[in-house]
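Novice: Read top to bottom, the protein sequences are chains A and B.
Quick note: my numbering has the first sequence finishing at residue 330, numbered continuously throughout.
Quick note: my numbering has the second sequence finishing at residue 292, numbered continuously throughout.
Don't read these hints as lab results, they were simulated from the structure.
Do not rely on the hints blindly, as some may be mistaken.
Stated by the list, open to error - Pairs of lysine-lysine, DSS-like flavour, derived with a Cα cap of 25 Å: (1) A:Lys-96 with B:Lys-128; (2) B:Lys-147 with A:Lys-96; (3) A:Lys-99 with B:Lys-128; (4) B:Lys-147 with B:Lys-128; (5) B:Lys-128 with A:Lys-329.
In case you want the letters, here they are:
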Amino acid sequence: MTPLPPTRVEPHPWRGLAWLTRRECHRVLKLWKQTILAPVISALLFMIVFGLSLGDSIARINGIEYQVYIVPGLIAMAMAQAAYSNNSSTIFQARNDRYLDDILSAPMSAWQVHLGYLLGGAMRSLLIGVLLTAVALPLTGATLDNPFELLVAVLLLTTAFGALGIIVGVYAQSWDNQSFINNLVILPLIFLGGVFYSVTRLGTPWEQISHINPLFYVVDATRYGFLGASDVNPLISLSIVAVITIILVTWSQYLFSTGHRLKP
Amino acid sequence: MPPTSAALSIKGLTKRYGDGTLALDGLDLDVPDGSFFGLLGPNGAGKTTLIGAVCNLVRPTAGEISVFGNPGSSMQARRMIGIAEQEPNLDKFLTVFETLLYHGGYYGMDKDEAGERAEQMIDAFDLRAKRDVEAPRLSGGMRRRLLLARALLHRPNLVILDEPTAGVDLELRHELWSYIRVLHEQGTTILLTTHYLEEAEALCDEIAMISGGRIVARDTAKGLKELHGVATLEEVYLKTVAGGRIQLAEEAARPQ
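Excised from the complex, chain A in its bound form (with noise of 0.2 Å):
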């Protein structure tokens, strides 16, 4: 071994911002198979056997071809479990093997770790969903009425469901905690949250109970996003979702704000 030159690093905290970023976008690319192709074929599959398979039994949704109406939820609902699960297993895994360690001893705020990871988990979903949405919109018929609608909804339920991975990674004690949340909180709200039906055409009282899960207004507002058809009005939904999305990213930054769990 040889000494080496001494050099003086000067402190560029958005560097380090960039760099996690830039880590957590690689280890979702090296893993793309299981971050990027299975959540996207799995949806598929859901659009291929409800819609094109069993679309033409069902009577049209609010004026929509079923094969259509399902589309948006779908898509809603895997980039919401991809924000999650990327964000919950990246930081279990990081305090669970202490290489976080590297980076809470950085020179980095703790904004900006946060924000670096919920960069990570926003880049998944977002890839996931574009790739479902240009291959859903022709396969389907579905359109894109409101974009800008769209692309609020989609950045509040990637950030609301990026932050509530990392709490769900800082608080989870095994591996088994974290399937727990996305298997039965998650996954059930998000189908009972309309992802295949209307809650108009529950009645009542199950229409109102619908309106209680903050899972209908992600998928309400992602739905008025693509085809212009929604169950509440979209500002309602999209207020409502901000709402959601400043109360998981607050406590998020409180975990890396104060070390809560993070560290001893």
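Starting from the known structure of chain A, fit chain B onto it as the hints suggest.
Specialist: For chain B alone, coordinates are given in the frame of chain A:
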């Protein structure tokens, strides 16, 4: 940076864990700039908690830390510290080169600078043949090399080595120490924790003994031996750190 003679200054550092364990009990410590400083103590004495608190990995309950005059939690302080932790904690998704490259990035280097520095460290630590191998596929010795290379990559002013030679073969130990010695001669402050007392005696300018979350003795190896009237550092250790426990064990073993 204000002029200071202490690389690391710790005042009244206390850490009480959630389960009530008092790991650090109002600990005071100054590590002089440019020194090779040894921290010795038994398992559970508070060494790793102390290091964690200095490196922003443990939340102190009370006390102050400053690194070359900068508050311990400041970005400037963090940039000046390089840490090689006791257990290899390497990112399982990155190769040797990527581990070093990303570490440089986290510490503010641009891609070219971090890449160049990573290649230098790969050569310096004889990791060339493993450059594109992921961390989980490295042997224990190679992981240890990579851990040290990563700690030194951003050229820190204060290098903290927590049991760096635990489980390392003799040849690598000598290699690592010769490298660290040169680094120290170039002006880098080294804070070392080790269980190898002869290693501490041979390398360190000053040694502090930690027990029960407090510094219980501190001097040069020679000074400590003279103070306690003994011939070896091991005897000093047994008297200051392990003395109480050994006495208790002897009393317990004595026939009633």
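Novice: Check the hint pairing B:Lys-147 with B:Lys-128 against an upper bound of 25 Å on the C-alpha distance.
Specialist: holds, 21 Å
Novice: Run the distance test for A:Lys-96 versus B:Lys-128: straight-line Cα separation, threshold 25 Å.
Specialist: Distance of about 12 Å is within 25 Å: holds.
Novice: Would the pair A:Lys-99 and B:Lys-128 pass a check requiring their Cα atoms to be no farther apart than 25 Å?
Specialist: Given pair A:Lys-99, B:Lys-128 holds - Cα atoms ~18 Å apart, limit 25 Å.
Novice: Within 25 Å, alpha carbon to alpha carbon, are B:Lys-128 and A:Lys-329?
Specialist: Holds, at roughly 20 Å.
Novice: Given the hinted pair B:Lys-147 and A:Lys-96, is their Cα-Cα distance within 25 Å?
Specialist: holds, 20 Å
Comparing the model with each numbered hint stated earlier shows that all of them hold.
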